[in-house]
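A.B. asks: For the record, the sequence lines run as chains A and B. 1 is the number of the first residue of the first sequence in the working numbering; add one for each residue after it. 1 is the number of the first residue of the second sequence in the working numbering; add one for each residue after it.
Just to be clear, a hint being listed does not mean it is correct.
Said to hold, decoys possible - Below, a sample of chain B positions facing chain A; criterion: calculated Cβ distance under 8 Å:
id	residue
1	T317
2	L383
3	P384
4	I397
5	T407
6	L409
7	I414
8	V415
9	V418
10	Q426
11	P469
Calculated directly from the structure, the hints in this document are not laboratory data. For glycine and all other residues, C-beta sits at the position ideal for the given N, C-alpha and C.
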Amino acid sequence: MSWISGHLYLIPLLPLLAAGIIAVNRQPRRQLASRLAIGAMLGSFLLSAGAFCGTLGRASGGGAVPEVHNFDWFQMGGSWVRLGWLLDPLTAAMLVMVTFVGLLIFIYSVGYMAHDANFTRFFCFLSLFAAAMLGLLIANNLLLLFMCWELVGLASYLLIGFWYHKPSAAAAAKKAFITTRVGDVVFFLGIVWLYSQAGTLLFYDAGQGCLEHSVLDSMAARTTFGGIAVTAGIGLLIFCGAIGKSGQVPLHVWLPDAMEGPTPVSALIHAATMVAAGVFLVARMYPLMAAHGVGAFDAPLAAGFSALTVVAWVGAITAVFAACIAVAQTDIKRILAYSTVSQLGFMMLGLAVGGVAVGMFHLITHAFFKALLFLGAGSVIHGCHEEQDIRHMGGLRRFMPVTFATYAIGMLALSGFPLVFSGFWSKDAILHAAHHWEVSRLPFYLGVVGAFLTAFYMTRQVCQVFYGHYRGGQAAAPGHAGKGKSAHHAHAHAHEPHESPRVMTVPLAILAVFAILLGFIGTPAWPWFQSYLTGTAAEFNFAELRNPEILSTLLLSTALVFFGIGLGWLLYGRQPASDAQAVDPLERWQPDVFALLRNKFYVDELYEMTVIQLNAWFARACDNLDYFGWNGLVVAVSYLTIGLAWLDRVCDEFVVNLGFDGICRGVSQGGKILARLQTGRVQSYLRVLGVALAALVLFLLWGCGAS
Amino acid sequence: MLAWTVYISFLGVLALMLLPAGNARAARGVALVTALLGFLIGLVSAFGFAPERGIQTITRTAWIPGLGIDYYLAADGISVTLVLLTGLAAVAGILFSWNIEHRAKEFFVFYLALIAGVYGVFLSFDLFLLFVFYELAIIPKYFLIAIWGSTNREYGAMKLALYSFIGSAMVLVGLVAAYVTAGSKTMDLLVLAQYPFPPALQNWAFPVVFIGFAILAGLWPFHTWAPTGHVAAPTAASMLLAGVVMKLGAYGALRVAMTLFPLGLATWRNEIALLAVIGIVYGALVALVQKDFKFVIGYSSVSHMGFVILGLVTLNTIGMTGAVLQMFSHGVIAGLLFGVVGRMVYDRTHTRDLPELEAMRLNKALPFAAGTFAVAAFASMGLPGFSGFAAELQVLIGAWSAFPTYTVLAGVGIVVGVAYTLRVLQMAFFGEAPEPVPEAAHPLPPITLPERLGAVLLIATTVLIGLCPRLLLSLIGPSFQSPLFEHVLKGGNL
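Isolated chain B, as found in the complex (with noise of 0.2 Å):
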């Protein structure tokens, strides 16, 4: 059944092929349902899934038999929660979309495009179907950003796109190199990732693989795509490209590099945690000192990326789970950010300038987008209660064993975390103005119905996972026991 999440995102693509242009009411109901009805598959399977039962496949044909290539499709508990999150992270963009008139239809046709491509890579068991869906996951990604972005638009999206390609092209010759080696007779990655590929290949495969895929996941230093991308794209775009895109990344560092190559990720894997670190407090830093609204929460993400990479390489499963869980979170709670950020405030004050919207005291304007920004805050510096606390508790309880010196670098990065996410919530909404603020000429539009149902599903979604991560924790957990992440756990000492 989790298959029909990719379908019916390509169906919902067709159907709005076929509505006329320029109805965007229609076009946005179609999205939405399509959205919903992705999500809600995500939701029933989630419910139903046994994950101690390991990779379960759902489909499997071959598709060019020549080549030992294969339609496979299957899910363990990793990939239900991506799927889980993707579904959730794709209605709340409409939601949050819900204002686009500038052709709504193509729009949304990019956007299901993309969250299909979304859908399989993260149910991909063959790594020729999975490198396909990660394409296609790409190529609308770039259109959203250069038709319907803002800030230069086309120079964000170029540069994601060309960061993107330049990730994949990477991943492409360690998997060709890896498929040859192995006699090129499958693609079938629980097939590959029992290979003794020899150290060599390895040691040279796995960093180009894995930095492949985490170039996508915003590592340190190849994030400069993040921040520019998500200024650039429209909101929608950019919970999508915080929410998902980043995790499709460290999904395939986790689900390839690292399980192709265990033998290149135990020699690699100090130095991929320093540059985790690295980007935890300098993602924080950076973030400090912007003047604009969404490079900093563009940075924020680069920071709260580190923790996924980091409690990836931990490999034990108290990190690796913390890291997944992380993922899950940080594609929560970024959504909700950038949707304030785009939606709630862009839109209506055409400005991101810090000193700008200081001087506008929103929380008077928008009591609604403060109380949320406020809410997100809290959770984004990873408060108990909200999904981050349980996630980002993992990461460093995993990290503590492997690398004890990180994990306090990576506390200075948390307190660093905290002084920026206070600084612009209260230069964005509570702005220090001592006399009152001059009636504005044109007085902000309310919010609407449907940003508060976006508002209010994510936040309930972290509130959820943060008093509850066992819910997720359950579907996480076990999956790595599975012979899949045999060898990579044995490189790590807990």
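Looking at chain A on its own, in the form it has when it is part of the complex (with noise of 0.2 Å):
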């Protein structure tokens, strides 16, 4: 047990003071925020570097056990819901990865932040999503790596949102919490039936995690909807996140809104990191993804089904999907995010179909090559005022030697071009596993396609930017007018682009050293990321290159990437656009396809029209109902009510009043009469005395008479 598996919080915990030593700060003091972002992140990346070499040590000794520590967080009805950390071979790449990726990144925004009035909150925002991300890495429990993972996305939700008056970058930083946190809840509905099934949310915990063989074993034995086993169900759910997070097919459409983000956001959270996070959940519960039920017998097709064959599948759909798209679009950073798409679909699929080494190689070398295309990306809309769409670029080369030398290392990595190049060999494996998939074929021509493709779209857009003569400084197409500040470069002569200031170019120079080297470390030759993944010691045998089977894919992928360069090159390194509003090749060739491809195949009209309209569709009608219905009926209650007094003082005043009075009335004049007979004056008293006696006299008088 090494001292720093103990003290592995640390590393997530010094981005955080520095975000909240940040946050309490005033904002002009720049520099201070800088150097303790970048200090904190430093620190970080030494300390990562240690648990590497920790690992390393193990490596060769075989069996990868991870060390974890955990401890009580509160208790949850009768058992404590522990948390904890781990340090595996796979935490440890990662977090290598991660730190020096956002080092490097992190001095890169001093330079393109420079004059920006929010750089404190910008690497106040930065540290915080570092945190985050690092917790996500090192997390032992699937709640807390949830939490890491809401807060990423929070993190990411502020720094896409970090131009705020922009309308653009407001409304994408909110479709991209909501896109994610639909994932996200479906994600949490897999982390609450996981709980009820296994009891435990830790993943390795002395034989009792959810990830290891005595809790697996007992859930994959249990079934549910259609016979698939529960682990199986639990997996998809869980995949539903990194469905979000990834930015895989249906949840796609947030990422490349989020490139109105500043670039090195775009780099590390949007390409590097954060967008990352999807695959590497799916590798950390890789495990529970695998696992399969011994089958029902009433459900044969269930039985071999693990959760992994539905990644595998929305890998290679996404991974095409995107490429297609990437093709026609004309936004620099737009065409580098479904670029990122479409290679997180890549290695989704090598994930499912080749296991965790093969996915993560192409994690990993994707996140260095991509960072510096982003950076590179960067550091040409820097040079040309702020100018995205690459129809107003062109012949940049000459004007920015350095970008334009990493920028192509970076693009020949991502197409894979053949040796030399990383991403080369990290998509080779994918292909070569897909190639071998028993499921079904179509996953590897899929590939074969966005191989193909992304060799392409790369070329196109190098050649757009680098290559011809510059075409800034032109009116702007109609409908698609330049961002900010490039309406007033327009019409201001010769604003001739510049190369950046060395902070933003020797970050560039570090990256692309990484983008060639780091593809020998996962060679067929001496696979020794892979074996250091698994635990194995890895030997060179540079026989295996001839192995027929595995340099059937070398050579198809070679050819792949010739054809995708070469037919690219073609149609516009040749003949560069002469200007702006020059028509696509592709559109005057195929114009409803390309329109198809530009309009993205109007997913995001499709959920306008079904999901969002639905959405406020069922919003207006609970209003209604409660300002009609629910509100209606209560003062209609109360107008019932009012109605009802009033009807009382109606009967009141008629009824009861009128049967009342007449009875008083009839009562009251009674008494007048009756009362006539007693007003009290002597005389009428006497009178009538008089006259009863007179009547009596009389009647007695008249009762003799007849007698």
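Could you fit the two chains together into a complex? Lean on the hints.
C.D. replies: Laid out in structure tokens, this is it:
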């Protein structure tokens, strides 16, 4: 048990502290903010490197047993919820990648954001993101992982909307958060389900964790809907979280819009680290994802079904789908964003068909060259005065030689140019594994198409940006006016593009070196990285390269790359577009298909018309129900009460009162009549008395007379 | 000692009455000291409280011996948690009504009387006494809204009062039925809860009493008092309304309706869970299309209280513990949201119309308010690190075993919850005005110190409980082991 594995929490804690200190400081202390953030990141990187070295020694020992540290968090029901962190090769490799790429991007940001008024806030959010991301990597508990997962989402929201005064940025931030949250809620339900089945959310806990055999086997033995194993059901729900975070179809729509954020953010969060968290999640949960039930007799189809089957299909479809869209985009960052979506699809495919090592290898190499490409794009945008439309660029290789050289390396790595570039080796491993997938051969063909398209659209982009002559300073094409400041620059004459400062180009150069070198740690001849992850010793074996199976895919992917680059050069490089309004050669050839691709298969519009409309309709319906229905009911009851009260009054007035009054009147009139009898005047009394006496006398007389 | 939370509030009322009229400073000083003392008493008692010892009698004397009615105050961990919440909300509410000048003395008299009633409800274990305190809490609420309220205040106040009284009438019917059936000997909750009421009685009495209480918790479709009431109420009153008064309803439903009639509960729990889930989704959807800032928060309260009801009827300790934690969490977060809307924004801009606010881009004029609201919004949507996450996590885990379908539907509510929260956050503070905002003729007054203190107090609480939920869970969880909940939990299946 090494010191570092016991103190792994320091790695996320350092950036968190930096974020906190920056947050409580006042605006003007810019230097402090950037130095603090970079310093904390450097510290995390050194610790991560230490952790990485710690795992190196064990790798050769065989059998990767993670070192875990768990602690009680709170008591839920009868048992304690325990959180913890773990150190295994998977975590260590990711830690080193995230801290190293992060460190370079932090440094780059000092130059890129130099003129921004909210410089300190930027570094605060960036550090917060780093803390959450690193926390996600070391989590030994699915709940802790989910918590960090949500916090990286929050940081992503804050950073996409960093320029919130731009309506598009504010909308993109909201879209990103809500779209990923859709996946997250399903993910969360998966966690709840897992907890109810396994009774724990710890990954590794001395044999009792949810990724360890005893628990997994008992879960896999149970079946759920459609006869699939419980593990497959839970795995699918958890994978939905990865779909959201990693921009897989059908929840990919937020990622291209997220490019509204500052470019270092796009590089760090939306290319290298956070979007790869979904891939990491699948890798981390691999035992669960791969577990399949023994199979019920009544559902033979579901017998061998594991969540990975779905992962493979989603990955393969995404890889092609996004690559198609990338072909027709004109925004330099959006092309890269769709490329990221596509590459994430490759990683998912690689994980599903070839295991953790295949997917993770592509994740690591991709993180470096995609960060390189994004930072290069940032440098281009910076140099072209905030212009992002590739039709308004061109010829930049003369103005920005360092950016061009590094960008070209990134582009070749992404395209998978043979032998010297890392992307070649990692993508080849995926294609090789897909070729041998026993379920279906179709994902392999999808991957082949995806690989070809990747080489093609990257060539198109590089040709349009760096070759030909500079097309900036011309009037923008109608409907595609450049954003922000470019409007001012359009009629100002000849703002020549310029190379970016050293603080931005040096990180580019470092990343470029890694975009090349990293390939050599995972070639079939010396699969060091793969063995490192699985905890076995790697051996040199050049004969492996001559293995016909491996050689055939190597040759195939080489052919694909040359074909893609060649076609791209033919269409865009040989005769560069003369001005910004020039019609794209593909558009000339197939206008309808091109429009379909440029409009991203109309997925946004589809969602707008279905989910969003439906939601808005429901919301309005509920609002009306509340206002007219329930509230109306209450008001109706109140009016009914008031009406009744009014009726009572009418009744009182005209029935009760009239009757009462009538009786009263009768009584009082009778009284009045009677009262006359009692006027109190003696004369009257005497008069009455006299009359009565006279009457009596007459009566008596009459009586006497009669008798 | 906990009983002193009630007494100190009444003493505060008395002290305020003795003050000369028109001295607003003295009035709010007295009110703040009283509320702080109540909060401190609650805090000290919570630290010394041993929840595993179950329900602990505080004081008990015969009150109306002929009817078997006692003055009986007691507490378990649930009571203590809610007493803490009440103290916190009371202090924050006073800090957020520091600017009340109009009849300040009367305002704080009603305010403290309301608080006293609420403390009383949470500590009463004699049903008659509980009912008296419950009514006592309703009356000041009416005056607070009708005198110091804003939009449509008479309407809102009357609606709230009528709803409350109809609810109380329903509760009273059920309680009398229970009292008479059990032989008219005692109103002691602990005794009555052990009495085997016939199933026929339970089946009608349970929904009557439960809904009678749950009206005040904003149970759909009896929720329409909540938005109008919140909108009409002055800031402090809406903070109390959402912060503690809605909890009175949920508390009564748990403490009285569920424990008295466990068989009726088992019969009706599915229907009630359905109403709760409808409330979660429906409240969120309605909040999504409101134009009035306060209406959004009002409906969000309906949505969040749905989680409380859902957790209660899971009938397992995880879900019910989560429900009580959610009561606390929602009390703090809703209080904060209403504080920002009512005090920080409305009192300065005199509008709650979201499109109007959008054009003001308040984050420039009121950065503190924007930051506070952003934090409150993230807490409200249940992000980890805030108390709402720990609470909703447990409610959903509890609900998963009891009602899997409803749990999924509640998930839909969570997504919509994110949508309306982000919408209102961006519209109210981070407006999308491309051109520079015209300089306001009268710049908004800056955020004052009491507001800052109130906001920090509430934020600190939600973060503290979010990071370390065991502070409260160790109080709440063991309470469900007491015999009072024995029959309730038998209806559940975890």
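A.B. asks: Give a verdict on every hint.
C.D. replies: Evaluated hints:
1. Satisfaction of the interface hint for T317 (chain B) is found here, the shortest Cβ-Cβ separation to chain A being roughly 5 Å, below the 8 Å cut-off.
2. Interface hint at L383 (chain B): satisfied, since its Cβ lies 5 Å from the closest Cβ of chain A, which is below the 8 Å cut-off.
3. Taken as an interface hint, P384 (chain B) checks out: its beta carbon lies about 3 Å from the nearest beta carbon of chain A, inside 8 Å.
4. The beta carbon of I397 (chain B) is positioned within 8 Å of a beta carbon in chain A (closest approach about 5 Å), and the interface hint is therefore held.
5. With a cut of 8 Å, the hint placing T407 (chain B) at the interface with chain A holds, because the nearest CB-to-CB distance is about 7 Å.
6. Annotation: L409 (chain B) was flagged as interfacial toward chain A, and the flag is violated, the nearest CB pair being 11 Å apart, outside 8 Å.
7. This hint holds: I414 (chain B) has a C-beta 5 Å from the nearest C-beta of chain A, less than the 8 Å allowed.
8. With its C-beta approaching chain A no nearer than about 5 Å, V415 (chain B) sits inside the 8 Å limit, and its interface hint holds.
9. A least Cβ separation of about 5 Å between V418 (chain B) and chain A falls short of the 8 Å threshold, and the interface hint therefore holds.
10. The interface hint given for Q426 (chain B) is met, as the beta carbon of that residue sits about 6 Å from the closest beta carbon of chain A, less than 8 Å.
11. With 8 Å as the threshold, the beta carbon of P469 (chain B) comes within range of chain A, its nearest partner Cβ sitting at about 5 Å, so the hint holds.
Hint check: a violation occurs at hint 6 only; the rest are consistent with the structure.
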